[in-house]
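Residue numbers (the numbering used here), protein chains in the order written: chain A, 5 to 115; chain B, 2 to 207.
Some hints here could point you the wrong way.
[To be verified] Footprint (simulated), chain B over chain A, 3 or more residues, beta carbon under 8 Å:
(1) 22-32
(2) 56-68
(3) 71-78
[Stated by the list, open to error] Computed beta-carbon distance windows for the label pairs:
(4) R88/A to R41/B: 33 to 43 Å
(5) E40/A to R45/B: 18 to 28 Å
(6) R150/B to R102/A: 26 to 36 Å
Hint data in this document are derived by calculation from the structure and do not stem from the laboratory. Glycine included, C-beta positions come from ideal geometry on N, C-alpha and C.
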Amino acid sequence: MAGTPALGEFEQVVLLAILRLGDDAYGVTIRREIAECTEREPAPGALYTTLDRLEEKGLVSSKYGDPTPERGGRAKRYFTVTARGVRAVARAQRAYQRLLRGLVLPGGARA
Amino acid sequence: MRKDHVADMLLSLVGSPARARSVVGDLMEQSDRGRVWFWRSIVRVFVAMLGRDLLASPFAMAASCAAAWFFYMAASLVLAFTAYVLVTLVWGVAYVFAHHTGVELLTDALMMRFDWPPIPGWALYGIQAAVLFAIAPFSIGRGSARFWRGHEVTLAVMTLIVWTVMALFVPLVGIGISARPSMVPVMVMFVLAGALFERRSPATAS
Numbered sequence: 005m006a007g008t009p010a011l012g013e014f015e016q017v018v019l020l021a022i023l024r025l026g027d028d029a030y031g032v033t034i035r036r037e038i039a040e041c042t043e044r045e046p047a048p049g050a051l052y053t054t055l056d057r058l059e060e061k062g063l064v065s066s067k068y069g070d071p072t073p074e075r076g077g078r079a080k081r082y083f084t085v086t087a088r089g090v091r092a093v094a095r096a097q098r099a100y101q102r103l104l105r106g107l108v109l110p111g112g113a114r115a
Numbered sequence: 002m003r004k005d006h007v008a009d010m011l012l013s014l015v016g017s018p019a020r021a022r023s024v025v026g027d028l029m030e031q032s033d034r035g036r037v038w039f040w041r042s043i044v045r046v047f048v049a050m051l052g053r054d055l056l057a058s059p060f061a062m063a064a065s066c067a068a069a070w071f072f073y074m075a076a077s078l079v080l081a082f083t084a085y086v087l088v089t090l091v092w093g094v095a096y097v098f099a100h101h102t103g104v105e106l107l108t109d110a111l112m113m114r115f116d117w118p119p120i121p122g123w124a125l126y127g128i129q130a131a132v133l134f135a136i137a138p139f140s141i142g143r144g145s146a147r148f149w150r151g152h153e154v155t156l157a158v159m160t161l162i163v164w165t166v167m168a169l170f171v172p173l174v175g176i177g178i179s180a181r182p183s184m185v186p187v188m189v190m191f192v193l194a195g196a197l198f199e200r201r202s203p204a205t206a207s
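Only chain A is shown next, with the shape it has when bound in the complex:
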């Protein structure tokens, strides 16, 4: 599909985490959501650079919230998946599903 960029694995993970979190998607919650769902804690550097890259690609947008005292008066940067981001992640997931369809994985587990 024209206009939707190819996504790396971690980019898909981040986009899905933001979609799951809805209006409460910022650095800490995204990281926590990924850790809970994948059982792998993402490196902070990888997460923030991926978020910046996704924003540059137009797949997510961000806005700053109000400063909070527990963060030393620093604002949270909230992320939202754009329509283009939704299309890109749906396309990537469909590709995974097509690849898995009818596949018997080693050990006998059926995809």
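Assemble chain B onto chain A, guided by the hints.
Frame of chain A, contents of chain B only:
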């Protein structure tokens, strides 16, 4: 200075200040993980953002650094020569006034006869070093930063890489000590200082 302000400052060297503050805020929110985790995370974010910035437009930045090298060479020659002339004049005039009476001064001046001793070697080397390693790189850093606002540290890292290569492979007859690759890190420190000075300058800050 508080640790979070240091972290803000560090991350704002590789990104916008607002973004740096939000990242530091995220890490502070997880302060129960301890100070070591906090600083390790800051360093990892810094390195990741720097790496990403370096790869964002590597060829344009490398070309800019290569051009800056030639500007540096030209500027250092002009500056070093100007400094030499000025110091020689100041040295000579000071010597003449210190060792001549009024009448001698007048006659010597009319006959253009000034026999002042040579400037000490340490003074000449000091001037040359100051110009080549500090003043010229600082000026180049200020100039380059105008094209790479918000990417000053990345610019310094790229300058270190490109200038080291240039110093290794570009034949520089007559430039002398400035062409040594081992001196490039010193020069790049002043390039970075100039770039950061330009960033903080109220005349250009926006």
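A quick look at each hint next to the structure:
1. 22-32: holds (count 3)
2. 56-68: Holds, because 3 residues of the segment 56-68 of chain A bring their Cβ atoms closer than 8 Å to Cβ atoms of chain B.
3. 71-78: holds (count 5)
4. R88/A to R41/B: 33 to 43 Å: About 35 Å separates the Cβ atoms of R88/A and R41/B, which means 33 to 43 Å holds.
5. E40/A to R45/B: 18 to 28 Å: holds, 21 Å
6. R150/B to R102/A: 26 to 36 Å: Violated, at about 45 Å.
Of the numbered hints listed earlier, the single one contradicted by the structure is hint 6.
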